[in-house]
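Protein chains: 2
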Amino acid sequence: MNQTLELMHRHHSVRSYLEAPIPTETLDAILDAAWKGPTSINGQQVSLVVVQDPARRARIAEIAGGQPWIARAPVFVTVVMDFHKTTLAARKTGESQVIHESVEGFAVAAVDAGIALGNLMTAARSAGFGVVPIGGIRRDPQAMIDLLGLPPLTFPVAGVVIGRIDEDGTIKPRLPRQSFVHHEHYDNAALAAAIDDYDGTLARYWADIGRSDGLPWSQNTAQAYRSVYFPNVAPVARKQGFGFDQ
Amino acid sequence: MNQTLELMHRHHSVRSYLEAPIPTETLDAILDAAWKGPTSINGQQVSLVVVQDPARRARIAEIAGGQPWIARAPVFVTVVMDFHKTTLAARKTGESQVIHESVEGFAVAAVDAGIALGNLMTAARSAGFGVVPIGGIRRDPQAMIDLLGLPPLTFPVAGVVIGRIDEDGTIKPRLPRQSFVHHEHYDNAALAAAIDDYDGTLARYWADIGRSDGLPWSQNTAQAYRSVYFPNVAPVARKQGFGFDQ
Numbered sequence: 014m015n016q017t018l019e020l021m022h023r024h025h026s027v028r029s030y031l032e033a034p035i036p037t038e039t040l041d042a043i044l045d046a047a048w049k050g051p052t053s054i055n056g057q058q059v060s061l062v063v064v065q066d067p068a069r070r071a072r073i074a075e076i077a078g079g080q081p082w083i084a085r086a087p088v089f090v091t092v093v094m095d096f097h098k099t100t101l102a103a104r105k106t107g108e109s110q111v112i113h114e115s116v117e118g119f120a121v122a123a124v125d126a127g128i129a130l131g132n133l134m135t136a137a138r139s140a141g142f143g144v145v146p147i148g149g150i151r152r153d154p155q156a157m158i159d160l161l162g163l164p165p166l167t168f169p170v171a172g173v174v175i176g177r178i179d180e181d182g183t184i185k186p187r188l189p190r191q192s193f194v195h196h197e198h199y200d201n202a203a204l205a206a207a208i209d210d211y212d213g214t215l216a217r218y219w220a221d222i223g224r225s226d227g228l229p230w231s232q233n234t235a236q237a238y239r240s241v242y243f244p245n246v247a248p249v250a251r252k253q254g255f256g257f258d259q
Numbered sequence: 014m015n016q017t018l019e020l021m022h023r024h025h026s027v028r029s030y031l032e033a034p035i036p037t038e039t040l041d042a043i044l045d046a047a048w049k050g051p052t053s054i055n056g057q058q059v060s061l062v063v064v065q066d067p068a069r070r071a072r073i074a075e076i077a078g079g080q081p082w083i084a085r086a087p088v089f090v091t092v093v094m095d096f097h098k099t100t101l102a103a104r105k106t107g108e109s110q111v112i113h114e115s116v117e118g119f120a121v122a123a124v125d126a127g128i129a130l131g132n133l134m135t136a137a138r139s140a141g142f143g144v145v146p147i148g149g150i151r152r153d154p155q156a157m158i159d160l161l162g163l164p165p166l167t168f169p170v171a172g173v174v175i176g177r178i179d180e181d182g183t184i185k186p187r188l189p190r191q192s193f194v195h196h197e198h199y200d201n202a203a204l205a206a207a208i209d210d211y212d213g214t215l216a217r218y219w220a221d222i223g224r225s226d227g228l229p230w231s232q233n234t235a236q237a238y239r240s241v242y243f244p245n246v247a248p249v250a251r252k253q254g255f256g257f258d259q
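Protein chains in written order, with the working numbering: chain A, 14 to 259; chain B, 14 to 259.
Keep in mind the hints are simulated off the structure, nothing from the lab. Misleading hints may appear alongside valid ones.
Copies of the same chain look alike in the list, so a pair counts if it fits in one copy or across any two.
Claimed, not checked - Using 25 Å as the maximum straight-line C-alpha spacing, the simulated DMTMM-like pairs for lysine to aspartate or glutamate come out as follows:
(1) 105 to 153
(2) 252 to 114
(3) 252 to 200
Kindly generate the complete structure, drawing on both the sequences and the hints.
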């Protein structure tokens, strides 16, 4: 087992940070891990906006629904789905861009954003920092667009906090492996039992770390997903120029 | 600079593989890097389907529009957006799941799929294997759904070939860094010049590797994105139960 695999197997979120800044060279090397990542058709439909200014981080902490680790840690990186740059390519060659009006386009940019986000986390953790991915910026995507000055055909889909660890987090167990890794065919048969099993595993995990408000997975997930969760995403994405009719 | 960062900075696709199988323990360690990755609200809305059977890999090569490396390398992993497992959680708790009917839900599952895909690539490369991500399965997503036996509320969004390298690939240059990494605010001013610059960089890269059919980035991207590219994605996603109206 090499160090990279070991690091990835120990992934966990950190929500307790020191204020110490990240040296510029190190931060650049972390950002480069996302820059050098692959993108669909080499379209490079992703951008990062790095926020280090404390007042602006405090504002993002607020936008994300009150997440103080964003204000505390020195770096917040927003991962932006970006069909603005490709539009400039279209303009340069006299073509008219259509991809952003499609579910396919949204899928491509979101997957590529996910690759970039994952690379940022692995890179930062390999350099000894803690991370926590932040979907909460989608609570008010328009506020993020205004804060970061994002142009049309872009969307701030997720972010990540990076900083030096104060109190380390714990590794949360996952659903049983056989419900994640399927061989040759998707195996539906054992899923309900796997969920029952995992509800028990998580209850023990919450008890172990002293979290009395921890819910079973099925209950936590069902409560989150009985609604659209972040209902501003669709209208703001449409306002930015994304479409879903084709 | 640590080994993980160096590895990520040297990311490149490999399209020439040996047929040698991947030892089960190594493959498991690679898959675990995705399994242990983070997901939004710990919803775990992603699954993998690992295909090793040669006839089935040959079929995927066909579905993806004729990509012989899928048939040649020993392992193809499909990354599946998965709101089926969360639906079982909803059923268990008596809730009704709504998230899959929203752009927010599609964004969450696609970003998480991207994180898993990125983790698979970094993990496989750290173990000495080559990889190439495959979006081409979205050319005919229904064929993938049939082949893998995917249930409703799932979608095969991308895949990855993993195998022992025969002829190694080359590192393709990216758009200039300042068009990817922005500080505090998105900087629109220099983008057009960055694209001009990159069109020249890529022309030199194509010449260096002897690819006479290589296009400038702006032309390649504009040609791909003047259409929906994979128009079956939206109708098949809707047929699988995904919605985009909220």
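Going down the list of hints, with the structure as the test:
1. In this assembly of identical chains, residue 105 and residue 153 lie within 25 Å of each other by CA distance neither inside one copy nor across copies; the values are 33 Å within and 31 Å between.
2. Both within a single protomer and between protomers do residue 252 and residue 114 lie at most 25 Å apart by alpha-carbon distance, with minima of 12 Å and 19 Å respectively.
3. Taking the closest pair of Cα atoms, residue 252 and residue 200 come within 25 Å of each other only across two copies (20 Å); inside a single copy the shortest separation is 40 Å, beyond that limit.
In summary, the one numbered hint that this structure violates is 1.
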